[in-house]
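Peer 1: So you can see what is in the structure, the chains are spelled out below.
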Amino acid sequence: MTTKLLPLDEAIRRFVPDGASIALGCALEPLIPFAAGHEIIRQGKRDLTLIGPISDILFDELIGAGCVSRVIAAWVGNVSEGLGYNNRRAAERGQPHPIEIVDHSNYSVGLALLAGALGVPYIPMRSLLGSDIARNHPDIRPAPSPFGSEATLLVPALHPDVAILHVQRADVEGRAHVWGGLGICEEAALAARGVIYTAEEIVPAETILSDPNRVLAPAMKTFAVVHVPGGAHPSPVQGYYNRDHAAYAEYHEHSRSPEDFAAWLQEWVLGVPDRAAYLGRLGAERWQSLAAREPRLAAPVDYGY
Amino acid sequence: MTTKLLPLDEAIRRFVPDGASIALGCALEPLIPFAAGHEIIRQGKRDLTLIGPISDILFDELIGAGCVSRVIAAWVGNVSEGLGYNNRRAAERGQPHPIEIVDHSNYSVGLALLAGALGVPYIPMRSLLGSDIARNHPDIRPAPSPFGSEATLLVPALHPDVAILHVQRADVEGRAHVWGGLGICEEAALAARGVIYTAEEIVPAETILSDPNRVLAPAMKTFAVVHVPGGAHPSPVQGYYNRDHAAYAEYHEHSRSPEDFAAWLQEWVLGVPDRAAYLGRLGAERWQSLAAREPRLAAPVDYGY
Amino acid sequence: MADYTPQELMVVCAAREIRDGEVVFVGMRLPLIAFALAKRTHAPEAVGLFENGLVRDTPSRELLLTMGDAPNILGAEWATRTTALMGLLAQGHANLGFVGGAEVDRFGNLNTSYIGDRAHPAVKLPGSGGGADIASLARRLAIIMAHDRKRFPARVSYITSPGWGEGGDWRVRVGLPRGGPAAVITTLGVLGFAPETHEMELRSWHPFTTADEVRASTGWDLRIAPDVRETPAPTANELRIIRECDPQGFWTH
Amino acid sequence: MADYTPQELMVVCAAREIRDGEVVFVGMRLPLIAFALAKRTHAPEAVGLFENGLVRDTPSRELLLTMGDAPNILGAEWATRTTALMGLLAQGHANLGFVGGAEVDRFGNLNTSYIGDRAHPAVKLPGSGGGADIASLARRLAIIMAHDRKRFPARVSYITSPGWGEGGDWRVRVGLPRGGPAAVITTLGVLGFAPETHEMELRSWHPFTTADEVRASTGWDLRIAPDVRETPAPTANELRIIRECDPQGFWTH
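Protein chains in written order, with our numbering: chain V, 1 to 305; chain C, 1 to 305; chain W, 1 to 253; chain A, 1 to 253.
This list has only true hints and no planted wrong ones.
A short list of chain V residues far from chain C (calculated; beta carbon distances all over 12 Å):
no. : residue
1   : Thr2
2   : Leu6
3   : Arg42
4   : Asn136
5   : Ala247
6   : Ser257
7   : Asp260
8   : Leu270
9   : Asp274
10  : Leu279
11  : Leu282
Derived, one-sided and incomplete: chain W residues facing chain V with beta-carbon distance under 8 Å:
no. : residue
12  : Asp69
13  : Ile73
14  : Val123
15  : Lys124
16  : Ser128
17  : Gly129
18  : Leu137
19  : Ile159
20  : Gly165
21  : Gly175
Which bits of chain V does chain W cover? Going by a derived footprint, with three or more residues having C-beta under 8 Å, they are:
no. : segment
22  : 72 to 84
23  : 103 to 116
24  : 238 to 245
The hints are simulated quantities; they were obtained by calculation from the structure and are not laboratory data.
In this text, all values refer to a predicted model and were calculated from it rather than measured experimentally.
Backbone N, C-alpha and C define an ideal beta-carbon position, used for all residues, glycine too.
When you get a sec, could you build the whole thing from the sequences and use the hints?
Peer 2: Put into structure tokens, the structure is as follows:
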């Protein structure tokens, strides 16, 4: 079995070309692959399509950095602080350049990826009827159900070029264990042409194979596995570290103007070569203050016979 | 929180009325709720609709006992031995009485229950095109996709009146942990109006809550939880006991004729009051020979923070 | 001056919308505290749903800034995929759902997407999240709003989360399977909807304001319910629980 | 007399259909052993799919009587829902799939449902299981059959698992996204399908029989492939591995 373990910069270089569609932030507030997103910014990727549910500030950062031409999402902003200033500037004034916005709800974007995962062309839903999300959507179309003739909206399948998912642990063969709030991670992994996992820990294959029900997706879907401890900061990773709420407030403050944001980007993204340097800038004290302190182990499960 | 723990006979009496549609054998070969099926036979239920993927011999037993008027399934027989004689007699000669057969594939019956679970009226699929399963199906209908106009078959949602699922462990509040081959257990639990769990072990709620990703479905879907150790024999339960292959061969032998089957039914179902007596008749030596011998624990998972 | 904040009273009003044993789509911010308050007072059997895939029958041990914070996952009774969780909502399992918005109109339609023209918005708002799904599919909807004329236009410029549409039987006409707004809990009062027309009407004004001030803060000629009254103030016990849940007042100050 | 059984040779022929690195929908019985044989000989990187929701990149440690036996779950790389697993098949991830049947016809259509009239069948067979999905959605299909005139009618009475239908471009016409039968591995030989017409043709007869006997055991005038030959016998190594996998000969005797 050939290893899929790569350094982050090489994984992004190889599997995130300009113009790619990327699913990110699929677990909603936790497990957001900030380290991977920052590497995308450092490599100056352009014309990306971002796909996600509630993406929190990573989408705002990528938009502000000029990497994005289209957003297919249910929500873009700062979950604990409110609006995203870069998202606003792009949508309201075309700064740094205009973006196309394809609005979804969490259910409709999840169903679009589920349809992709199931290999079906669309899924009919009864949500969003009468909404302007449906009325303005370029792909969702109304159609009565041939069974019972109730109104439905047909949500066509989405197939991201790549899903980037942060996970607790993975093996070098391309399998990952993820736990906690799962959001649409599984749908994204299975619908995407391939997955880049950034993992807190790289573990032996036996560790992953010891619990096949916990594996997110099969290795055939994996492009690359990258070891990035702390790769989700400031978002939380269950069992590893908590959400750095202050970082979201600081980002909110420091993204009010394009100049503020440029300075923030220089300090936290462009001015640091990698995640280790980022965590160094964050400072050991602050980083340790976020660490999980009270272990709460899942009850044992026996796969023996 | 009120307990949902009931004795098996009371759970079947209250939640499996004559004429009910029941999802059974949803994990395919493992975790088949034989004890619950045998109680259904003892209570002389009639006019049931059975829903399942590959149901192995439990469906054949229920059909031979005269409990069934309709079967919605992908496969009915004896997985390690071949045909099911009771299923043959009912379909070929109307013995003990005729049954309506609604043929599915494993994917189509899974999608029908998934549609029910998602609260959508149907799911369009590209399997079974050109097959006589689709041509003869009372509910599945062809329709081109409005996106790209490829041919699809629309599989309408199924909502069983009750799903009966055997699991490794459950709490009295109605939540279960199940692991191993899952088949369509989750889809059935979520699509059904309610679930009866038969469990190898009843554990404290804290045990179940310690691993929320392992929980099959929320308690709001649970009708009853029943403690039935050995309740899946002769099918296997990962971590507890192995498949009793010989029992399937014996059943095959002893169901060749209606007379053979009547004797088998008397010995193993009608002639035993409950699962404890059934296991007693099986004999301690045989039962112990099936027990899992080599524990293989899943790697620890920490939900702490 | 009252010894509690408008947000604290809003939490109390939101909690009072939760009936014991109900399945509640909780969402974010004030409803998180309202769910905890209801569980610890009149609705111990209430169950909470969260769009990231969680079902909880106990409130989290700590204040949540997001539904995905670690304390909300620990002790959940189910942590599943968003699509599976939303399937419960789509099947009709949620008796009550909470949503907030930037704008709400006379028929309870919510805008959390665009202020002004969608192509060139004056303000780009974050969007639906799960709000539009909750508004479409929950059996009853409770809306949480700051109350001023700007946020209460006669008609929202963009319907993110469908309320009663144009009023009357609009939801039936567009094919929504059920639901509709039942209450709008604001910084100034609690509003409901008239039975047939489904037009918003004032049910109660908060103790620190008046019916006239509520009407003056609303962008259309707001109707008054026949049984309009002052909002009952929070009890000492309710305030104690709220302040235990949010000691720093992150959401309630 | 050969020092191996027809079933052992069928396992060898089935294993030879598996190319290294391919994703194989394994199914039941002989293909379970063929997958293990291929993994231990020429296709160490092959991956196996099972309709109960399993993905394995190693064969199970013990003989399986069903895909759900405990040894097949232990060490799986993924144990998921049947719908999620079948989604991989529907997306086109399965390079090769195996199915068996009670009847196969001239165009590789399989019947595992009804012998005779569906309303009053002479024999009610178990049905599709996942077979019809594999036949519909895998990129290549390999069919495993006992070979006699009864099992090889010119036209099956019921198409459970679609092959090439009426031949030619039938699969395209009915809208199947891909696939079609590539090989029929029987107790007497290995058959393929002619490029354009997709009519079944004899590719090789097993060493213990003849082309004429195969034709005599087939319910229509079976065509012979231009490059027809004798099936290469199993190697000693192949037989050793098969007998390690199935020491009692449960599936191979």
